[in-house]
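Quick mapping for you: the protein sequence lines, in order, are chains A and B. Residue numbering for the first sequence follows numbering that gives the first Met the number 0, starting at 0 and increasing by one per position. Residue numbering for the second sequence follows numbering that gives the first Met the number 0, starting at 0 and increasing by one per position.
For the record, the hints were derived by calculation from the structure and aren't laboratory data. Some clues are possibly wrong.
Covered, in the sense of this in silico footprint (three residues per stretch, anywhere, with C-beta under 8 Å from a C-beta of chain A), are these stretches of chain B [what the hints assert, rightly or not]:
(1) 124-135
(2) 172-182
(3) 207-217
(4) 222-234
(5) 289-300
So these bits of chain B aren't anywhere near chain A, every CB distance computed over 12 Å [claimed, not checked]:
(6) A3
(7) V6
(8) I7
(9) A68
(10) W69
(11) A71
(12) W75
(13) T77
(14) P115
(15) L116
(16) V138
(17) F169
(18) R201
(19) H304
(20) V306
(21) F310
Bear in mind that the values here come from a model prediction, so they are computed numbers and not experimental data. Glycine included, every Cβ here is placed at the ideal spot set by N, Cα and C.
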Amino acid sequence: MTDLPVRTEKKLGLLIDLDICVGCHACAVACKEWNDGGQFGPLTDEDPYGAEPMGVWFNRVHSYTVDPAVPQESGHCGASSPPAGPAGRLGLSLHFPRSCLHCEQAACVTVCPTGASYKRAEDGIVLVDYDRCIGCKLCSWACPYGAREYDQAQGVMKKCTLCVDRIYNESLPEADRQPACVLACPTGARAFGDFADPSSVVSTRSAGRDPQALMPELGYEPTNRYLPPRPRRDQTPEAKADDTLNPAELPTVLRWLDRMLSR
Amino acid sequence: MNPALSVIAFTTLSGAGYGLMIWLGLLLPFHRQPPLPAGFGIWTLLLALVLVSAGLLASLAHLGHPERAWRAFSQWRTSWLSREGVLAVWTFVPALLTLLVLLGYLPPHWLLWLGPLLALSAALTVLCTAMIYASLKTVPHWRDWRVAPLYLLFALATGATFQLPVLNYFAPEFLLKMPTTTAQVALFVAFVLRYLQRRALRDSVSAPSLASAVGLPEGNAVKLFEGAHTEDSFITREMVFRFARKHREPMFLAALACGIALAGGLLEHASNAGPGIRPSFLFAALFAYAGVFFERWLFFAEARHVVSVYFERPDAGRG
């Protein structure tokens, strides 16, 4: 069972737009809420009100600052004209949700000694059978993305299920048959769909945006893709220099008006 | 990586046990002069079985559901952990048959094929244990061609050292120059190769950058601004373990002191003291084991999992 399927019919996954994500953690909280109950719950918390609370989450949001060191030809988040030097260069903040990428070459599946970890041939979702898992934690060692967490109370490994109990749930209205994180995202930074289908929302939304796989050099071929931030408007001192108006030459009232309107 | 006591005990105890089985499997059928005392074979094999069983039981302590451990034999096609389990159980077959030969229940000439089979099974089990770690692309320190030979060398070194007190007890009239030198050489070679490996890895290990980990092109200087959680998570406790990277050199010196200097010196002392019961052989074995134990602790603690790149503070050394 820990053999990977030769090919999967669908490649269900998430598209995360890093240009839109504001780092509000709504996806992480909604994920915790949904998966704490139902088919894959609970996501146990240890010492929840104590000194060192710790618990199982499938989704974690890190925040980084990016200092584009050199202008990028491909245009990802680099200045579009040569930077003016460290002081004039504009950095950006990057909010980065991290969860299971449902890799095509999922090492967490092949290292599993019991067959508890498996990748579904029909849709590519990677799941854990809690009844077979012995809790050896080797899958968490094999995953470069930190997607698997150990549930101390239940003694098994847990991971993002892509809300498999939502997306196929026919008792839900069709619009709600999406992962909880996607529905919760207030900015629409997340999309769910079939990467194998060129007409799916994840494929159309990535058109022209160069969707990225994480750590592609390791060869796990993650299904989930991230859209890098769009190039910023150039705000270096040189870029502002084409503004030929010199406020100092204006009459007082206009100078005041210019100052107000320039804010 | 956070070094779990259960996993260190598993790899070092079972390694010593399988090392004993390898030496015994090669020694018993082919050793002629002077004749080996009967008790030596029986008790060394019993010691090996106890060490291997203790190691395997210790590995169960690492599991969330040890009562389901039998399921781990099923995935030998892809999982080195599963292969290790299958071979570990299989090795009990030639080991117990060898014991029956030594106890006189089976014909002695069976040793001619049982011995090599025992040695081969034990060696393959040790290699499978090593491959559990050496197959992980996520831990560049482990995905190194020297990891598997090192596991085998440490098993052979502890095995060679562990059999000496038993041999000395059953045949105090022997001058143990030859097996003592073998143990000393095995310890020396194992620790020196490990020293060279650590030196080589220090310069050559490369892991994905944080830019690559968040899907940005190389060249972007990405720095952690705010962590995903204020307290530890399973991932930070298990994978982002920093203690050893701070104290690695004194730890490795302790391993070398125990494994080469103390164990080697005690072996030298014991073998030069002439015939008689020499407690130094026992102490040498204990120090050799301590050296390998420290080394194994470092093997886990020093290894840097690539997921730690997501958690690194800008001011933290990459180590």
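Going down the list of hints, with the structure as the test:
1. With 3 residues having a Cβ less than 8 Å from any Cβ of chain A, the stretch 124-135 of chain B passes the three-residue criterion, so the hint holds.
2. Requiring three or more residues with a Cβ within less than 8 Å of a Cβ of chain A, the coverage given for the stretch 172-182 of chain B is violated, as only 0 such residues are present.
3. Counting residues of the stretch 207-217 of chain B whose C-beta lies closer than 8 Å to any C-beta of chain A gives 8; at least three are required, and the coverage claim holds.
4. Figure legend: the stretch 222-234 of chain B, annotated as covered by chain A; annotation consistent (12 residues with Cβ-Cβ distances under 8 Å, at least 3 required).
5. Residues of the stretch 289-300 of chain B lying with their CB closer than 8 Å to a CB of chain A number 0, which falls below the three-residue condition for coverage.
6. At roughly 9 Å, the least C-beta separation between A3 of chain B and chain A is not larger than 12 Å, which violates its mark as non-interface.
7. Residue-level check failed: V6 of chain B sits 10 Å from the nearest beta carbon of chain A, not beyond 12 Å.
8. I7 of chain B, annotated as away from the interface, keeps every beta carbon of chain A farther than 12 Å; the closest lies near 15 Å.
9. At roughly 6 Å, the least C-beta separation between A68 of chain B and chain A is not larger than 12 Å, which violates its mark as non-interface.
10. Separation of W69 of chain B from chain A is inadequate, the least Cβ-Cβ distance of about 9 Å not exceeding the 12 Å criterion.
11. Some Cβ of chain A comes within 12 Å of the Cβ of A71 of chain B; the nearest lies about 4 Å off, and the non-interface call is violated.
12. For W75 of chain B, the non-interface assignment is contradicted: its Cβ lies about 9 Å from the closest Cβ of chain A, within the 12 Å cut-off.
13. Non-interface call for T77 of chain B relative to chain A: violated, since the shortest CB-CB distance, roughly 4 Å, does not exceed 12 Å.
14. With 12 Å as the threshold on Cβ separation, the claim that P115 of chain B sits away from chain A holds: the shortest Cβ distance comes to roughly 28 Å.
15. The claim that L116 of chain B is not at the interface with chain A holds, since no C-beta of that chain comes within 12 Å of its own (minimum 25 Å).
16. Listed as a non-interface residue, V138 of chain B fails to keep its Cβ farther than 12 Å from every Cβ of chain A; the least gap is roughly 7 Å.
17. Against the 12 Å criterion, F169 of chain B stays outside the reach of chain A, whose nearest CB is about 39 Å from its own CB.
18. No beta-carbon of chain A comes within 12 Å of the beta-carbon of R201 of chain B; the shortest separation is about 21 Å.
19. The Cβ of H304 of chain B does not lie farther than 12 Å from every Cβ of chain A; its closest approach is about 7 Å, which violates its non-interface assignment.
20. V306 of chain B, annotated as away from the interface, has a beta carbon of chain A within 12 Å; the closest lies near 4 Å.
21. With a minimum CB-CB distance of about 8 Å to chain A, F310 of chain B fails to clear the 12 Å threshold, and the non-interface call is violated.
The structure shown violates the earlier hints numbered 2, 5, 6, 7, 9, 10, 11, 12, 13, 16, 19, 20, 21.
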